[in-house]
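With chain A's structure known, arrange chains B and C with the ligands on it following the hints.
Protein chains in written order, with this note's numbering: chain A, 511 to 790; chain B, 511 to 790; chain C, 511 to 790.
For the record, the hints were derived by calculation from the structure and aren't laboratory data.
Hints may contain errors.
What the hints assert, rightly or not - A short, non-exhaustive set of chain A residues, derived as facing chain B with CB atoms under 10 Å:
| no. | residue |
| --- | --- |
| 1 | His598 |
| 2 | Met607 |
| 3 | Asp608 |
| 4 | Pro612 |
| 5 | Gly616 |
| 6 | Ile620 |
| 7 | Arg642 |
| 8 | Asn679 |
| 9 | Tyr683 |
| 10 | Phe716 |
| 11 | Asp730 |
| 12 | Pro733 |
| 13 | Leu734 |
| 14 | Ala752 |
Claimed, not checked - Capping the alpha-carbon separation at 30 Å, the derived lysine-lysine pairs in DSBU-like fashion look like this:
| no. | chain 1 | residue 1 | chain 2 | residue 2 |
| --- | --- | --- | --- | --- |
| 15 | A | Lys578 | A | Lys766 |
| 16 | B | Lys578 | C | Lys743 |
| 17 | A | Lys590 | B | Lys590 |
| 18 | A | Lys743 | B | Lys516 |
As the list claims (entries may be wrong) - A short, non-exhaustive set of chain B residues, derived as facing chain C with CB atoms under 7 Å:
| no. | residue |
| --- | --- |
| 19 | Ala605 |
| 20 | Pro612 |
| 21 | Asp730 |
| 22 | Leu738 |
| 23 | Thr739 |
| 24 | Pro740 |
| 25 | Ala752 |
| 26 | Glu753 |
| 27 | Val788 |
Think of the CB as a built atom: it goes at the ideal place given N, C-alpha and C, for glycine as much as any other residue.
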Amino acid sequence: MEAVAKSAANPMQVIRDFDYGTPKRENGRTIREFSLTAGTSAIQLNSAVSYNIWDLNGRIPGPTLRAKQGDRVRILFLNKAGHSHSLHFHGIHPAEMDGVRPVSNGSATIYEFDAEPFGVHLYHCHIEPVTRHIAKGLYGMFIIDPPTPRPPADEIALVMAGYDVDDDNHNEYYAFNGLPDYYMDHSIRIYQNQLIRLYVLNIIEFDPAVTFHLHANFFDVYPLGMTLTPNQKTDVITMGVAERHILEFAFRYPGKYMFHPHQDAIAEHGCMGQFEVVAD
Amino acid sequence: MEAVAKSAANPMQVIRDFDYGTPKRENGRTIREFSLTAGTSAIQLNSAVSYNIWDLNGRIPGPTLRAKQGDRVRILFLNKAGHSHSLHFHGIHPAEMDGVRPVSNGSATIYEFDAEPFGVHLYHCHIEPVTRHIAKGLYGMFIIDPPTPRPPADEIALVMAGYDVDDDNHNEYYAFNGLPDYYMDHSIRIYQNQLIRLYVLNIIEFDPAVTFHLHANFFDVYPLGMTLTPNQKTDVITMGVAERHILEFAFRYPGKYMFHPHQDAIAEHGCMGQFEVVAD
Amino acid sequence: MEAVAKSAANPMQVIRDFDYGTPKRENGRTIREFSLTAGTSAIQLNSAVSYNIWDLNGRIPGPTLRAKQGDRVRILFLNKAGHSHSLHFHGIHPAEMDGVRPVSNGSATIYEFDAEPFGVHLYHCHIEPVTRHIAKGLYGMFIIDPPTPRPPADEIALVMAGYDVDDDNHNEYYAFNGLPDYYMDHSIRIYQNQLIRLYVLNIIEFDPAVTFHLHANFFDVYPLGMTLTPNQKTDVITMGVAERHILEFAFRYPGKYMFHPHQDAIAEHGCMGQFEVVAD
Ligand SMILES: [Cu+2]
Ligand SMILES: [Cu+2]
Ligand SMILES: [Cu+2]
Ligand SMILES: [Cu+2]
Ligand SMILES: [Cu+2]
Ligand SMILES: [Cu+2]
Ligand code: NA
Ligand code: NA
Ligand code: NA
Ligand code: NA
Ligand code: NA
Ligand code: NA
Ligand SMILES: [Zn+2]
Ligand SMILES: [Zn+2]
Ligand SMILES: [Zn+2]
Ligand SMILES: [Zn+2]
Ligand SMILES: [Zn+2]
Ligand SMILES: [Zn+2]
Ligand SMILES: [Zn+2]
Ligand SMILES: [Zn+2]
Ligand SMILES: [Zn+2]
Chain A
511 MEAVAKSAAN PMQVIRDFDY GTPKRENGRT IREFSLTAGT SAIQLNSAVS YNIWDLNGRI
571 PGPTLRAKQG DRVRILFLNK AGHSHSLHFH GIHPAEMDGV RPVSNGSATI YEFDAEPFGV
631 HLYHCHIEPV TRHIAKGLYG MFIIDPPTPR PPADEIALVM AGYDVDDDNH NEYYAFNGLP
691 DYYMDHSIRI YQNQLIRLYV LNIIEFDPAV TFHLHANFFD VYPLGMTLTP NQKTDVITMG
751 VAERHILEFA FRYPGKYMFH PHQDAIAEHG CMGQFEVVAD
Chain B
511 MEAVAKSAAN PMQVIRDFDY GTPKRENGRT IREFSLTAGT SAIQLNSAVS YNIWDLNGRI
571 PGPTLRAKQG DRVRILFLNK AGHSHSLHFH GIHPAEMDGV RPVSNGSATI YEFDAEPFGV
631 HLYHCHIEPV TRHIAKGLYG MFIIDPPTPR PPADEIALVM AGYDVDDDNH NEYYAFNGLP
691 DYYMDHSIRI YQNQLIRLYV LNIIEFDPAV TFHLHANFFD VYPLGMTLTP NQKTDVITMG
751 VAERHILEFA FRYPGKYMFH PHQDAIAEHG CMGQFEVVAD
Chain C
511 MEAVAKSAAN PMQVIRDFDY GTPKRENGRT IREFSLTAGT SAIQLNSAVS YNIWDLNGRI
571 PGPTLRAKQG DRVRILFLNK AGHSHSLHFH GIHPAEMDGV RPVSNGSATI YEFDAEPFGV
631 HLYHCHIEPV TRHIAKGLYG MFIIDPPTPR PPADEIALVM AGYDVDDDNH NEYYAFNGLP
691 DYYMDHSIRI YQNQLIRLYV LNIIEFDPAV TFHLHANFFD VYPLGMTLTP NQKTDVITMG
751 VAERHILEFA FRYPGKYMFH PHQDAIAEHG CMGQFEVVAD
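In isolation and in its complexed conformation, chain A is listed as follows (with noise of 0.2 Å):
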């Protein structure tokens, strides 16, 4: 079945994507050019269930923008998903550039704002009733990484969402990365000993919150992933709906790790995940 390879849903290929945009230079500064277009798809939950959500470039989650503190970022926002739609930015910004009023089916508009402060941001649809809106799928990550770059690590992208297939403001499957339990069947491939660095985003509504756990080990925390040293030690981090970190960690043993939040009836409708801890 071909239409597997095309879904908008493919969690390993979220992992480690990063969209830069397109560099360009106007009056001596960078600016990034990004182009999100919003669409429709239907993506498979299980072997089961379809469901029809709204996809930015083909995905998701969407694209996880990435761009340097101080560089101008311009998004190129096209609506092609049948209703009105929006992309608010969490960051610094003018009014104007706050994503809140409706880009309606076909037309397009342009947000374009400074990329301040470092850290790990997302952006959403903000149309109403946005639980919904943001349910079916338009969101994404949003890194503006600090001006002197973090230390070398491998960097992984971490989005938890809810599916409400039945419209009741209640998830029946929760995700990482777009697919409920993927990454059991599909382990993230990392090495013994070697940093890595998440980026995790909990987008999930109608649950208040979720705590992030990782088995056998324990993780840094840069909260917002708006500092440059970390806050905390723990191997539980609590988080509400929009909120984001950086975790950090290396495995010292060899094996599969399972993560996924300790509200374990999440976890166990789609939330869950491991790590294949390579030997090096």
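For chains B and C with the ligands alone, coordinates are given in the frame of chain A:
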């Protein structure tokens, strides 16, 4: 309809209304006497829904009491609200002043203790079921200022609460300072580049936690207002029931900016507002 | 009724009962051997409701295991509880010791690893559905002491858990240390001005988070017990599932003081207790 002018829910009045009580000198120290009377009234949650609440001094939320660390605080509590109630203060005090004993309808009591430690605290009725006695309106903010005052700022109090109008332990409506959606229609006017000091309290029962979000900006967090330096900069902060913080920020650009819990179902049921930033 | 004396739920015994295992010397280092046997029993949640649980060494919660950082820990796990179970420890260990593989009824296994890092950790069954295997009783606290002991204090363990007696993924009862409302009728006696060191664990499934509150006082938070200095003073702390902390305080005045999650519906369904502070 003159009833509107007299409503217990009057969000525009609440934001900058601080009750310093009546200061007296006794034995060489400052005593602040506050008078709080519980009563009953009805408020309009929207044009179709009226709801019977318990108010304090004719307000919901109750008055924002304010003292300086080290002051003696004396609260004269008069219960005219038809059932037994009490006032339990968060803070340090002897067991006799803890406000867990019922004060029957028509009677009064005095709570007296030293104001400490400085921070953003709260008071609420502690009669069972506490969920119901809180959700029907018996709560308020209690600010204790540090010995050396904080720097000048435009100070604003925001109390998040829920309304369970059909008594099913689930909120149908939410509000900042008493009325659903009020600050969407009546923006809170602030000035560009002016330091804003929000005193924010989450007293929403039946929902485990909310994540307060401010658009297009980041704020400094003074946890529980119990520090003089912030411990984090963020644009989202998760707050369990009875959590409260000082959040400081200034807007660089004029315009309108929303604030709301990022549990968007809660926002869309009334816990939504906006600042209008006026050019300086 | 002698059954009471033999109940698996015995909160008064749990508070100050630390299991240091059997220390042995092997190859020049300390090994602590612990023996944990899963069984079945029934407890009385109140005078009308009996509930079948899985216990560990005849207890709910399971024993509070305790070692010093750097000790080798060896847990002999014997499963006599009728279904497959396992013990998954939070901490650092190789994948083989992660406790995610089923141990069938009637068989045994050994988990062995170095005790690190110091802090308040936990263990629990990791067999699916994990929610059910936890909620029916297979969890306990696992304290690793720092190399230099913490200052002397009256140390008390508090485990918050829920009971979903009708299997609808919603808790009808809650408890500190096994029994609803127990410490309301049987206050925990402590002394005025005595340093109290609470080890608090939230292992309530089906609720996203709770906010632990202590009346009339503030406590120092040592996050996960993984630091030797506190990072916050507060009277409310929001804890997701599997979060745990050290909380330190002393009471200045004698009398009775409640503690409970400030999600008051949870408190009023059994997660409620009080200290009785005895004059020194
Ligand atoms: Cu949309
Ligand atoms: Cu684990
Ligand atoms: Cu009351
Ligand atoms: Cu925003
Ligand atoms: Cu089990
Ligand atoms: Cu209290
Ligand atoms: Na649903
Ligand atoms: Na776990
Ligand atoms: Na309701
Ligand atoms: Na937003
Ligand atoms: Na239940
Ligand atoms: Na309280
Ligand atoms: Zn459903
Ligand atoms: Zn957002
Ligand atoms: Zn797990
Ligand atoms: Zn209802
Ligand atoms: Zn309270
Ligand atoms: Zn918003
Ligand atoms: Zn039930
Ligand atoms: Zn766990
Ligand atoms: Zn209380």
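So, going through the hints one by one against the coordinates:
no.	hint	verdict
1	His598	holds (8 Å)
2	Met607	holds (8 Å)
3	Asp608	holds (5 Å)
4	Pro612	violated (15 Å)
5	Gly616	violated (26 Å)
6	Ile620	violated (17 Å)
7	Arg642	holds (9 Å)
8	Asn679	holds (6 Å)
9	Tyr683	violated (18 Å)
10	Phe716	holds (6 Å)
11	Asp730	violated (16 Å)
12	Pro733	holds (6 Å)
13	Leu734	holds (5 Å)
14	Ala752	holds (4 Å)
15	A/Lys578 with A/Lys766	violated (34 Å)
16	B/Lys578 with C/Lys743	holds (19 Å)
17	A/Lys590 with B/Lys590	violated (59 Å)
18	A/Lys743 with B/Lys516	violated (52 Å)
19	Ala605	holds (2 Å)
20	Pro612	violated (15 Å)
21	Asp730	violated (16 Å)
22	Leu738	violated (13 Å)
23	Thr739	violated (13 Å)
24	Pro740	violated (13 Å)
25	Ala752	holds (4 Å)
26	Glu753	holds (5 Å)
27	Val788	violated (35 Å)
Hints 4, 5, 6, 9, 11, 15, 17, 18, 20, 21, 22, 23, 24 and 27, counting from the list given before, are not met by this structure.
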